[in-house]
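These are the residues of each chain, in order.
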Amino acid sequence: MNWWAIFGAGLLAGATTCAVAQGGLLVGLINRQKRAAADAAGVSAFVALGAAPTAARKAGTGTARSTSAARGTAKGAVGAPLRPVGSSTSQDLAPVGGFLLGKFVILTLAGVVLGALGSFIALDARIGAMAQLLAAAVMIVFGLGAAGVPGFKEIRFTPPQSWIRTVRKSTRSQSAFAPFLLGVAVILIPCGVTISMMLLAATSGSAAAGGAVMAVFVLGTAPMFAAYGFLTQRYVNPDSRWMSIALGTVVVLMGLFTLNASLTALASPVTAQSVASGVLGTSAAAEPLAAAPAPVNGVQVIEIDATSGGYSPSSVAARAGVPTTVVFHTDNTYSCIVYTTFPTIGKQVVLPPSGDTEVDLGVLPAGEIPVSCSMGMYTGTIVVS
Amino acid sequence: MSTRTVTVEITGMHCASCGILVDDCLEDVDGVVTSQTSTKTGRCVAVVTDSVTEADVLAAVLEAGYTGAIVAGAP
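Chains as they are written, first to last, in the numbering used here: chain G, 127 to 511; chain A, 1317 to 1391.
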């Protein structure tokens, strides 16, 4: 898993997609609460900093309840944001922290559930790989949409009205926990990039990895969210072209990576590795470092360490025409590698976190027998000759 | 006080959050009774009182970070 790519996607998403709009919702919520508190105290909630907010006040109302005033900005007074009376940066950061905490908790939890669900589906390697293929396709579509590619940018997830009403209601709450609850509620209105990250979590291979994917993504959105959505007290136009293209590219690359992993798990003859080896004129599998083991009592036993980070060695030699047993050694192994599959010969095994597991492969013909985790993320090869 | 409906074509929305933000900004304007924005159609339908002008509605949409255009003759 490329955690920096996920963090980077979060960073870009924080400046270009739903996170920007969510920053606006949070600012509106905070200022509405402060205005209500000020109204209750009988004072004006806002003062202008540096310029008269003429455009921000509506004739005949006698209050500062226009859009601009409610959100703390002054149209027609560029560079002169309004700030709530008595607010300080530390006071303002508290609700931002509450919102981000709510979002972090709910999306991390969602990642854990999706990761667990994905690993459950992957118990059947073929169904798991097909689901992964579908997830990859959706990620690529949403990535192209995020990059603004015509024909794709119009494809959006439209949540039910009841979900939208729930979020809108939370932006009007006067509760002290409202920022946190708004952070929780935004899971109901995910954008395409967030959905892509959820799919990445589902294909991560474990509940822990799924939770980590979403946690890193949300942490990535935090800096830009704080800077644009709140500290500047104004909004950037979400149409930041180059950032959108960069974000879309990252998501498409993640989709392609997932697609390649699913093709690997399905033992497809066309994968990135096979294309690269075809271009370079080399074997897709690395040359085994050790010779094939000598048969004992007519059976050759191949030993492979299955760690959380891959198979070691990743390429092992075996003799053709000899009954073969593979012994997988695991030691505190907690990744999708515990769901190991031999896609070309239809064998699948679930490894314990620690211990030795024997798999009878029968008599192997000459050739390369791929071995991979059910998600296609970790691969190895038995070179039979 | 009588009300009327103002329909706005909005560009730049990506997801449901954008639509909610537009509605949020509009409903903060005195005289806007309700606002319903669809990111699917890219349109916002606001019910406003006579004190609210089309320019006020467009200004609120702009404030949310999007550009809008009044749809003439829309219900």
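None of these hints come from the bench; they were simulated from the model.
Computed from a prediction, not measured in an experiment: that's the story for all the values here.
Glycine is no exception: its CB is placed at the ideal position from the N, C-alpha and C atoms.
Misleading hints may appear alongside valid ones.
Every beta carbon over 10 Å from chain A, so not counted as near; a handful from chain G, in silico [what the hints assert, rightly or not]:
{"no.": "1", "residue": "293"}
{"no.": "2", "residue": "415"}
{"no.": "3", "residue": "418"}
Think about it this way: if two alpha-carbon atoms lie no more than 20 Å apart in a straight line, the pair counts; the simulated EDC-like pairs of lysine to aspartate or glutamate are [what the hints assert, rightly or not]:
{"no.": "4", "chain 1": "G", "residue 1": "473", "chain 2": "G", "residue 2": "250"}
{"no.": "5", "chain 1": "G", "residue 1": "473", "chain 2": "G", "residue 2": "484"}
{"no.": "6", "chain 1": "A", "residue 1": "1356", "chain 2": "G", "residue 2": "280"}
{"no.": "7", "chain 1": "A", "residue 1": "1356", "chain 2": "A", "residue 2": "1325"}
{"no.": "8", "chain 1": "G", "residue 1": "295", "chain 2": "A", "residue 2": "1325"}
{"no.": "9", "chain 1": "G", "residue 1": "279", "chain 2": "A", "residue 2": "1343"}
{"no.": "10", "chain 1": "G", "residue 1": "473", "chain 2": "G", "residue 2": "431"}
{"no.": "11", "chain 1": "G", "residue 1": "473", "chain 2": "G", "residue 2": "413"}
{"no.": "12", "chain 1": "G", "residue 1": "473", "chain 2": "G", "residue 2": "494"}
{"no.": "13", "chain 1": "G", "residue 1": "473", "chain 2": "G", "residue 2": "486"}
{"no.": "14", "chain 1": "G", "residue 1": "279", "chain 2": "A", "residue 2": "1325"}
Listed below are several chain G residues computed to face chain A (Cβ distance under 10 Å; list not exhaustive) [as the list claims (entries may be wrong)]:
{"no.": "15", "residue": "133"}
{"no.": "16", "residue": "145"}
{"no.": "17", "residue": "150"}
{"no.": "18", "residue": "154"}
{"no.": "19", "residue": "157"}
{"no.": "20", "residue": "271"}
{"no.": "21", "residue": "272"}
{"no.": "22", "residue": "279"}
{"no.": "23", "residue": "284"}
{"no.": "24", "residue": "312"}
{"no.": "25", "residue": "315"}
{"no.": "26", "residue": "318"}
{"no.": "27", "residue": "319"}
{"no.": "28", "residue": "473"}
Numbered hints the structure breaks, given as an ascending list:
1, 8, 9, 11, 15, 28
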